[in-house]
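Peer 1: Protein chains in written order, with my numbering: chain A, 13 to 242; chain B, 13 to 242.
Be a bit skeptical, because a hint or two may be false.
You can't tell identical chains apart in this list, so a pair holds if it fits in one copy or across any two.
BS3-like, lysine-lysine: derived pairs with alpha carbons at most 30 Å apart [to be verified]:
#1 208 / 43
#2 36 / 173
#3 36 / 86
#4 87 / 219
#5 151 / 44
It should be emphasised that the hints constitute simulated quantities derived from the structure, not laboratory data.
Each chain, letter by letter, is given below.
Number of protein chains: 2
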Amino acid sequence: MAKTDLMKDLGPISQRTMADVVEKELRDYLKKKLFKPGDALPSELELADALGVSRNVVREALSRLRMLGMIETKKRRGMILSTPDILGSFERVLDPLIIDDSTLQDIFELRLTLEMGLADILYLRKKKKDIAELEAIAKSQDPGGKGQAFRINNEIAFHGKIYQMTGNETLMRFQNMLLPIFGYVISLEKVPQIGKVSHVDLVNILKDGSKEEFRQGMHEHLKPHFNRLK
Amino acid sequence: MAKTDLMKDLGPISQRTMADVVEKELRDYLKKKLFKPGDALPSELELADALGVSRNVVREALSRLRMLGMIETKKRRGMILSTPDILGSFERVLDPLIIDDSTLQDIFELRLTLEMGLADILYLRKKKKDIAELEAIAKSQDPGGKGQAFRINNEIAFHGKIYQMTGNETLMRFQNMLLPIFGYVISLEKVPQIGKVSHVDLVNILKDGSKEEFRQGMHEHLKPHFNRLK
Chain A
13 MAKTDLMKDL
23 GPISQRTMAD
33 VVEKELRDYL
43 KKKLFKPGDA
53 LPSELELADA
63 LGVSRNVVRE
73 ALSRLRMLGM
83 IETKKRRGMI
93 LSTPDILGSF
103 ERVLDPLIID
113 DSTLQDIFEL
123 RLTLEMGLAD
133 ILYLRKKKKD
143 IAELEAIAKS
153 QDPGGKGQAF
163 RINNEIAFHG
173 KIYQMTGNET
183 LMRFQNMLLP
193 IFGYVISLEK
203 VPQIGKVSHV
213 DLVNILKDGS
223 KEEFRQGMHE
233 HLKPHFNRLK
Chain B
13 MAKTDLMKDL
23 GPISQRTMAD
33 VVEKELRDYL
43 KKKLFKPGDA
53 LPSELELADA
63 LGVSRNVVRE
73 ALSRLRMLGM
83 IETKKRRGMI
93 LSTPDILGSF
103 ERVLDPLIID
113 DSTLQDIFEL
123 RLTLEMGLAD
133 ILYLRKKKKD
143 IAELEAIAKS
153 QDPGGKGQAF
163 RINNEIAFHG
173 KIYQMTGNET
183 LMRFQNMLLP
193 IFGYVISLEK
203 VPQIGKVSHV
213 DLVNILKDGS
223 KEEFRQGMHE
233 HLKPHFNRLK
């Protein structure tokens, strides 16, 4: 039998470990049985017996769910299903040094997309007090000679404040996680470029201008980043 | 000694398990030593010795990193650092039944934000061939009497195709993960509402209209969802 025939007939064995399989089984089980936060789970021993695997493998799989925030252990009640932190594990892997280039590029664009898309929610929820805070951040940005590190922190403070003003905590955390990746991609270029619309300009639009004007202003502000795209 | 004094002086012991601690240690170690994808990791035994913990605990922590796609085991080379799937674990926890209400609402808004923000990248990359496909999806949506399930699938196909047209795979996968949550939030309302601008209208704007017109059209299309926001 030729080697290619053999490969076609057999194919490679799945690379999944026992922990992969058990983790998937457990997640499917919780879903199928409509477990809700607070519901008690069977014990490690019961699960191992039902699945016909060792307790070590079950412990490994449960440990993964614990990391995802899906389960927690309570005094006297044992393991219960919990409300997961949906961004917790995302945060763990967002390291520019281990992410491949095409994903880095995707994240760069994802941040631009969010920035361009948030005007609607921002205009729904912006408050005078917040705009004043944003203005203070914007005006503290150009005192001259504070250097690159200050500039980057100020950039993060300004855009972070805008996200905070949307009142959407997930969006804000998500954006905060994307920023280092965004900064990394920019740092690969030698000459930093600055858009024609400054932070102070954006604050002024936010005070008196329309949603559409804000969106156009944001686009101008981010223009050098859009120019990077292919 | 009063109970409150005692609580103040002692405070609760951290809820972190040994696996939590070791997982964090390992991630910090990989980061500090600038490990890159492909680099070989020390063995389970070496790690357990260095950390002064049992092999079981190390195995648990490594199993978590394996789930995140951060490490993999290679024939003859042992464990190596890998390129993680940044959305893999996010996908695992996106279940509307276990996410709390305020996060569900956040995700609902996150999807609206992406939808409103993607015009720039879409206009940069849209191709005639893709617009024709999008048109076919849009036109297949109103044949009458195909029912709710068809309607939802068609909705997913249409918006999914738009994301695909951006050429951003992360954005597309991310959106696909958000859709069920979005659908869940909508299903909590009794009467489904439809915006004035239809899928066919959006395709026509994409053919001949400007980026700004597309964005306005998308806003009209999503109007019933924006009306839900507080």
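Peer 1: Does each hint hold? Answer for all of them.
Peer 2: Consistency of the hints with the structure:
For the homomeric pair residue 208 and residue 43, neither the shortest alpha-carbon distance inside one copy (51 Å) nor that between copies (37 Å) is at most 30 Å. Within a single copy, residue 36 and residue 173 get their C-alpha atoms only as close as 39 Å, which misses the 30 Å cut-off; across copies the closest is 29 Å, which meets it. Taking identical chains as interchangeable, the C-alpha atoms of residue 36 and residue 86 lie at most 30 Å apart whether they share a chain (23 Å) or sit on different chains (22 Å). In the homo-oligomer, the alpha carbons of residue 87 and residue 219 never lie at most 30 Å apart, since the shortest distance is 52 Å inside one protomer and 61 Å across protomers.
Neither within a single protomer nor between protomers do residue 151 and residue 44 lie at most 30 Å apart by alpha-carbon distance, with minima of 54 Å and 36 Å respectively.
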